[in-house]
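Q: Each of the two chains sits in its own frame; use the hints to bring them together as a complex.
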Amino acid sequence: MTMNIDRDNSRFKQIVRGKIRQNLRKYVTHGEMFGRKGKDLISIPLPQLDVPHFRYGKNGSGGVGQGEGENGTPVASGGDQDGAGKQAGSDPGRHVLEVDISLEELAAILGDELELPRIQPKGQDTIVQEKTRYTSIRRTGPESLRHFKRTYMEAMRRQISNKTYSAADPRVVPIREDKRYRSWRTVQLPEANAAVIYLMDVSGSMTDDQKAIVRTEAFWIDTWLTSQYDGLAKRYIIHDAAAKAVDEETFYHTRESGGTRISSAYRVCAEMIAAEFPPADWNIYCFQFSDGDNWGEDNQQSLAILREKILPHVNLFCYGQVESPYGSGEYLRSLRNGIGDNEKLVLSEIENREAIYDSIKLFLGKGK
Amino acid sequence: MSMATYTPLPENLAAIQVQMEGYAKGHGLDFYPTVFEVIDHDQLNAIAAYGGFPTRYPHWRFGMEYEQLAKGYIYGLQKIYELVINNNPCYAYLMRSNELTDQKLVMAHVYGHCDFFKNNSWFSRTNRKMMDEMANHGNRIRAYMDRFGVDEVENFIDCCLSIEDLIDIYSPHIKRRDDPNKYEFKTPIEQDQQPEARGKFKAKGYMDEFVNPPERLAAEQQRLQQQHDQQRSFPERPERDVMLFILEHAPLKPWQADVLSIVRDESYYFAPQAQTKIMNEGWASYWHSTIMTQQGLEPNDVINYADHHAGTMASSRTGLNPYKLGIELYRDIEDRWNKGQYGAAWDDCDDMAKRRDWNDNANNGRDKIFEVRKIHNDLTFIDEFLTLDFCQRYKFFSFGYNTGSDAYEIESREFPAIKQRLLFQLTNRGQPLIAVRDGNYQNRGELLLEHHYSGVELKLSYANDTLANLYRLWNRPVHIESVMEEQKTLISFDGSEHQVQHF
Numbered sequence: 001m002t003m004n005i006d007r008d009n010s011r012f013k014q015i016v017r018g019k020i021r022q023n024l025r026k027y028v029t030h031g032e033m034f035g036r037k038g039k040d041l042i043s044i045p046l047p048q049l050d051v052p053h054f055r056y057g058k059n060g061s062g063g064v065g066q067g068e069g070e071n072g073t074p075v076a077s078g079g080d081q082d083g084a085g086k087q088a089g090s091d092p093g094r095h096v097l098e099v100d101i102s103l104e105e106l107a108a109i110l111g112d113e114l115e116l117p118r119i120q121p122k123g124q125d126t127i128v129q130e131k132t133r134y135t136s137i138r139r140t141g142p143e144s145l146r147h148f149k150r151t152y153m154e155a156m157r158r159q160i161s162n163k164t165y166s167a168a169d170p171r172v173v174p175i176r177e178d179k180r181y182r183s184w185r186t187v188q189l190p191e192a193n194a195a196v197i198y199l200m201d202v203s204g205s206m207t208d209d210q211k212a213i214v215r216t217e218a219f220w221i222d223t224w225l226t227s228q229y230d231g232l233a234k235r236y237i238i239h240d241a242a243a244k245a246v247d248e249e250t251f252y253h254t255r256e257s258g259g260t261r262i263s264s265a266y267r268v269c270a271e272m273i274a275a276e277f278p279p280a281d282w283n284i285y286c287f288q289f290s291d292g293d294n295w296g297e298d299n300q301q302s303l304a305i306l307r308e309k310i311l312p313h314v315n316l317f318c319y320g321q322v323e324s325p326y327g328s329g330e331y332l333r334s335l336r337n338g339i340g341d342n343e344k345l346v347l348s349e350i351e352n353r354e355a356i357y358d359s360i361k362l363f364l365g366k367g368k
Numbered sequence: 369m370s371m372a373t374y375t376p377l378p379e380n381l382a383a384i385q386v387q388m389e390g391y392a393k394g395h396g397l398d399f400y401p402t403v404f405e406v407i408d409h410d411q412l413n414a415i416a417a418y419g420g421f422p423t424r425y426p427h428w429r430f431g432m433e434y435e436q437l438a439k440g441y442i443y444g445l446q447k448i449y450e451l452v453i454n455n456n457p458c459y460a461y462l463m464r465s466n467e468l469t470d471q472k473l474v475m476a477h478v479y480g481h482c483d484f485f486k487n488n489s490w491f492s493r494t495n496r497k498m499m500d501e502m503a504n505h506g507n508r509i510r511a512y513m514d515r516f517g518v519d520e521v522e523n524f525i526d527c528c529l530s531i532e533d534l535i536d537i538y539s540p541h542i543k544r545r546d547d548p549n550k551y552e553f554k555t556p557i558e559q560d561q562q563p564e565a566r567g568k569f570k571a572k573g574y575m576d577e578f579v580n581p582p583e584r585l586a587a588e589q590q591r592l593q594q595q596h597d598q599q600r601s602f603p604e605r606p607e608r609d610v611m612l613f614i615l616e617h618a619p620l621k622p623w624q625a626d627v628l629s630i631v632r633d634e635s636y637y638f639a640p641q642a643q644t645k646i647m648n649e650g651w652a653s654y655w656h657s658t659i660m661t662q663q664g665l666e667p668n669d670v671i672n673y674a675d676h677h678a679g680t681m682a683s684s685r686t687g688l689n690p691y692k693l694g695i696e697l698y699r700d701i702e703d704r705w706n707k708g709q710y711g712a713a714w715d716d717c718d719d720m721a722k723r724r725d726w727n728d729n730a731n732n733g734r735d736k737i738f739e740v741r742k743i744h745n746d747l748t749f750i751d752e753f754l755t756l757d758f759c760q761r762y763k764f765f766s767f768g769y770n771t772g773s774d775a776y777e778i779e780s781r782e783f784p785a786i787k788q789r790l791l792f793q794l795t796n797r798g799q800p801l802i803a804v805r806d807g808n809y810q811n812r813g814e815l816l817l818e819h820h821y822s823g824v825e826l827k828l829s830y831a832n833d834t835l836a837n838l839y840r841l842w843n844r845p846v847h848i849e850s851v852m853e854e855q856k857t858l859i860s861f862d863g864s865e866h867q868v869q870h871f
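Chains W and E are the protein sequences, given in the same order.
Counted the way the working numbering counts, the first sequence spans residues 1 to 368.
Counted the way the working numbering counts, the second sequence spans residues 369 to 871.
Same shape as in the complex, but just chain E (with noise of 0.2 Å):
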């Protein structure tokens, strides 16, 4: 079970990356240093199927992503070409099988990754030392598994994988509540005193109207009064992290509440992935394109490079490919930067004409895009960035369901509609926002999630059999609340059947 022992790149690979390093660093990208390994098809959809790291823990669902890629490159219908993970030093594997010029443009590719996991800010709380870390996880899981079995770790991961999405994203650059105080105690007495009592100093008794004040004891117990009420519900505030809150008040065994955390860890250490999906592939095509063209290519490259280039960029109908539209986004950016073509005066203007031939020759286009990589996610990068142009340049459409005809059809060619449905796609990583509301529901220590519904409902069967495996963690009853056909919905499991009660 150990890692892979390092074998260095052939000499003329090793050449190349020299030159592509160079390359890179000549455009002020800045990265850890980067290791290359090459291997195999096989140990790269292993990798891969592992999320990037050989020495993860064991579990199936692996071996089912590894089957998955491993029958889709047999079949020719995909193939990796690399593998970056955001660590220091930065790993990458490359495809034995790749040509050289697959390669010198796959090395430009990694060193894009590189410096936008290194610089971007949504990366900044990652653990860069997330190798090691993982192999301590594979240890922690398979000592687990030697002692209580691995049918009962290997499902308690499951029931755990269930709910690895429901974590605050945002909550490793927030502080969302007080570090626990070890230092104050409640007392006691407070919590026993007659409520007449509460909020008094203590006064001999023809001193007491002067110490304590009628008026200012009345606001005092009602001050205390609202902080008690506000106890009584539980979180204080509904909880995104439901993860935490599961770790925290659920009646875990220690082994069981280790593997929790370290589900939670690997969640949050991939939540920033997810969130700039389409900026980080855009980054890192934006810079093998850059550097390809401009220094990398050999004449007898030049095909392989185009196929390659061309196959990255395929769109289809009915999903924007992220490295496309990210690389446009950068260059639409540059481009207008150069030009000058933003702030007021540019957003007043009407003239076409006027529009179209503006350029003040500004010419930060290459500062901004650095800046706009340091800071933003692909949420708020399609929020300031996206623009009518863009958008009709590209002949970008927003499409729906409809129920009628059991088909997505386009909806609209509107800007603004355009512009909600991406905004909404990358909400959340996509995915529905649910939070813990009560986990004392009705007083019985039941567990109530609520889903903040925006327009699109849960999916029935997903959400029972999520709810199922939820119970298995809360060990009461779960429930969550929803929208379902336009009526408040509380989809529930009591540990032997699921209820939906419209409201």
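Next up, chain W with everything else stripped away, as it sits in the complex (with noise of 0.2 Å):
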């Protein structure tokens, strides 16, 4: 059968596309108006795409519904996407106001609008990592994996075998024996393999305005990073005077009121590259985050660590400078006159929330 579906369909992505790569700009630099959904969705509104019609609001709607309660009991959220206030169960003309991409495509237009080249991964895939698969079924396990349909059958099963069915009145009554639950496997599947290791200072001279746009910039990186490589390790150092590997959520939201030592945090990622990240299988990409400032007997020490046990192994060492009312600066400058000439060092100055975007272009524009 012919189907003008593919038409129509690569016609709503086009539009999709074209909405969003007109709106790049301003997604890149607010990144924070994605809903994120899953580990490989996120939602964007695009109000445009909607056809409007006349329709009910929220004031004074209501519906009919079933099952327990009092006068008062909450049965739904205010939010604008719920199912309250439309016809009996049905959904006719469900609206949809945020599309769902995936990050894969999201890169994909990342990297059609910034014009990045694709990253040619060094090393073997040799790195394997686990997955689970739900393949086979046990006669133990969680409540929460049990086999429907299977635990039936075995009642039935045992019922037609000691006589109590009957087909004039097909009543099936599990017993625990009948249970079944799903069971899983790991497997084992090779990939290649990146990681992406951030080094953010977090001393008393960088706000809360400068992490947001940290964060920002790093949920692009992670974006692009993960659509070029089969996994991504992502690592989080955190540093003023004395420095911390540490995670996520710990790094976006730890503020410490210290100096600033900038080889402290070279000096953990160098340990952790060696540790963790083999350079020979690895591919490494380091992007350090700062408002520039730095105790000045430091620089000298920071170029070195960072001459002679980062940098030979990475791919690409981002340094980012996030302008701050307190911060200096002149790190950057010492970076540029110190090992300016390096190839693998990037450097860029990122002086609000609009200098995201031409930012992460200078970062990732080298296709490494």
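Please keep in mind that the hints were generated in silico from the structure rather than gathered at the bench.
Because the structure is a prediction, the values reported are computed rather than measured.
Backbone N, C-alpha and C fix where the C-beta goes; we use that ideal spot for every residue, glycine too.
Check the hints yourself; a few may be wrong.
Said to hold, decoys possible - Below, simulated PhoX-like cross-link-like pairs (lysine-lysine); rule was C-alpha separation at most 25 Å, straight line: (1) 439/E with 13/W; (2) 163/W with 149/W; (3) 543/E with 486/E; (4) 131/W with 439/E; (5) 179/W with 149/W; (6) 13/W with 763/E; (7) 309/W with 366/W; (8) 707/E with 742/E; (9) 707/E with 763/E; (10) 447/E with 149/W; (11) 742/E with 543/E; (12) 19/W with 439/E; (13) 787/E with 763/E; (14) 234/W with 149/W.
Unchecked claim - Listed below are several chain W residues computed to face chain E (Cβ distance under 8 Å; list not exhaustive): (15) 70; (16) 72; (17) 76; (18) 153.
A: Spelled out as structure tokens, the structure:
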């Protein structure tokens, strides 16, 4: 059967992509507009895509439901997308205000628009990852994994064999022995491997605004790198005068008051690479964000570690300097003067949200 | 772009079809010949996206629908078992991956729908050759796209779709106005005449007093004046078929008028399905359940059948499942009419014990539900047959939006309140009642719509966008009068900006 749906579907995608492309700069600068939906999907609000109709609003709306509850018991939130106020149970004219697209698609659009070259991964696919597959059935297990149909089939089989089943009155009641559960197996899958290490200055001079910029930028970097590799390991390092490896949550929410010693973070980073990510197998990316303040006597030491212990092992080292009312911004200068000619080093100044777009292009435009 | 090349059912399914059709006929179901086709999930999703018509005109929103259905299927969130098309012959699509038990059940279900399409009077005016008609629409629109450009035509379709639900759903069954009489011409003389000469018969001067007696003349002139005043309001009475009004009076190019009429035809074709969702699904479910449990089930089908049937009947707290509500109401009616629980004697009886044991063996339940499926739509069905007992048995409640807590909360378990909410949801297919009030608003050729306010406000953001699309059809400023925050409100769009005025 020939189908026109492919044409209409690609037309729809074309419109979506067109709209996203038009607004990409806005999306990039305000990454938080997205709703994350699980691991691989995000939803993007595209109101223009809708065919608008005259519709009822929330004020005065309601419906009829079924079940227990006193007067005043909430049955649904007032959020825009809920099912209340519609025709009984059916969903005519369901409205899509948000379009779901996969991160992969988004990365592709980002890549097209920023003209990002595809990355040639180095190393073999030697790293294996364990994945869970539900492939078999067991007699024991947690209730959440109960296999409904199999359980009833068992019960029926048992009832037929002991002659308690009657076709005229087909009542099937499972007992404990009838229960069957889904069971999983772990499988090993090889993956091309990349690690991204974020370093951030969390000393007092970095304000929340700056961190928000870092967060948005990191989202786009992750999106792009994820699209280029099968697996992406993420590590986070924060530092003031001392440095430590932390999880993502802590990374964005820690605020210290101490001074700034960038070398401490480099040291942790170098150790991390040595211990976890043998450079022969891994594609390593480092992104450092700072307001450019560093204790003067630390600069020499920082540059030395960077030059000798980090740069030789990584695909790319990106330094993004966010402008802060307190920072002096002089570290960028010393990097540029010290090792600015190293082609693995990318320097970018991010003055405000608007600059994120170009900064990403600068960072990822090398295709490494 | 050809229509599906028909592949006959595989042998085992063909045998089941014969069997099921026999059972259905045996119960008195009456349907057009039904053509089954087994197709893959992506084809089924595609056809569903097109509203059941593989040959429908191209438009991006079908692609969007498809995307949603396809994703829902891949993630295992939803699965369409079957699609039935109201047509003669009836077309029914089955999903290839359905288990055999499912196919049996689905076929029995399909025959319920086919019977409903053929016999329910709300479908009596639908085009039974819609498969051909849709293909025809598709060809016309494709031809326009070739001539005027895809974007141009598609954008215009977007505008038409914005008002696709502004039709007069009862008009196929009522004659609202006289057909224009092509032999009746307004005599220009009559319009040019001096007021005092209007309505006069020609007469020689000396006869005038007798041919045109002054009192008759005065009465006649008053009548003419009234008629004249009425004609000044345009349309004469509020026109619910906004699409028709636009079609007849907006400055559209011929191709645009044709596209609009296509969208309108399809709206009218689909309208009865929205009007009878509960009845139609309930009827089909009643029959799949009856046929399967009494005749169709083999012992090895029982578990699959029970699982599938229970899945279809599942209800949520915030929306009544039309399948469930429908089937239970039909069963309730059948039971009541079997026991004679109807009529004045039953209504007047207050003795609970007596009511519980009421049974005069009337046994006309089956006849009754066949009659019900013939004459009712969801609105009248609920109005007539939803009873206090029924509401209590199924623990119905009404809920409403509470601005303070920004949540929907249970409002009442009182029968009248529940029924009122339910009837409101079913009125005009759950959409606001809107009509054209004035096609020459403020004597400037602007369009004024009125929203018949009955307690629920319009959603302003949608209204604004809809007006913008309407403007592109009407080409002059457009307005809609409604009520917001208990004040009369006029929402306007003049081609560049929106305006909201409260009175």
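Q: Against this structure, judge whether each hint is valid.
A: Evaluation of the provided hints:
1. Pair hint residue 439/E plus residue 13/W holds up; C-alpha atoms about 14 Å apart against a cutoff of 25 Å.
2. Distance restraint check for residue 163/W and residue 149/W: the Cα-Cα separation of roughly 20 Å lies within the 25 Å cut-off, and the hinted pair is therefore satisfied.
3. The suggested pairing of residue 543/E with residue 486/E holds, with an alpha-carbon distance near 23 Å, which does not exceed 25 Å.
4. In summary, the hint linking residue 131/W to residue 439/E is supported, as the alpha carbons are separated by about 22 Å, within the 25 Å threshold.
5. Proposed proximity of residue 179/W and residue 149/W is supported: the alpha carbons are some 10 Å apart, at most 25 Å.
6. Note on residue 13/W and residue 763/E: the hinted pairing is violated, with a Cα-Cα distance of about 44 Å set against a maximum of 25 Å.
7. With a C-alpha separation of about 22 Å, the suggested pairing of residue 309/W with residue 366/W holds against the 25 Å cut-off.
8. With a CA separation close to 22 Å, the supplied pair residue 707/E and residue 742/E stays within the 25 Å bound.
9. A distance of roughly 23 Å separates the Cα atoms of residue 707/E and residue 763/E; the hinted pair therefore holds under the 25 Å criterion.
10. The hinted pair formed by residue 447/E and residue 149/W meets the criterion: a straight-line CA distance of about 17 Å does not exceed 25 Å.
11. Between residue 742/E and residue 543/E, the direct Cα distance comes to roughly 21 Å. Compliance with the 25 Å bound is thereby established for this hinted pair.
12. Restraint check for residue 19/W and residue 439/E: satisfied, since their Cα atoms lie roughly 21 Å apart, inside the 25 Å limit.
13. For the suggested pair residue 787/E and residue 763/E, the alpha carbons sit about 13 Å apart, so the restraint of at most 25 Å is met.
14. Taken as a hint, the residue 234/W and residue 149/W pair is broken in the structure, with Cα atoms around 41 Å apart against an allowance of 25 Å.
15. Because the beta carbon of residue 70/W sits about 7 Å from the nearest beta carbon in chain E, less than 8 Å, this interface hint is met.
16. Satisfaction of the interface hint for residue 72/W is found here, the shortest Cβ-Cβ separation to chain E being roughly 5 Å, below the 8 Å cut-off.
17. Of the supplied interface hints, the one on residue 76/W holds, with its beta-carbon coming within about 4 Å of a beta-carbon of chain E, less than 8 Å.
18. At a threshold of 8 Å, the smallest CB-CB gap from residue 153/W to chain E is about 6 Å, leaving the interface hint in force.
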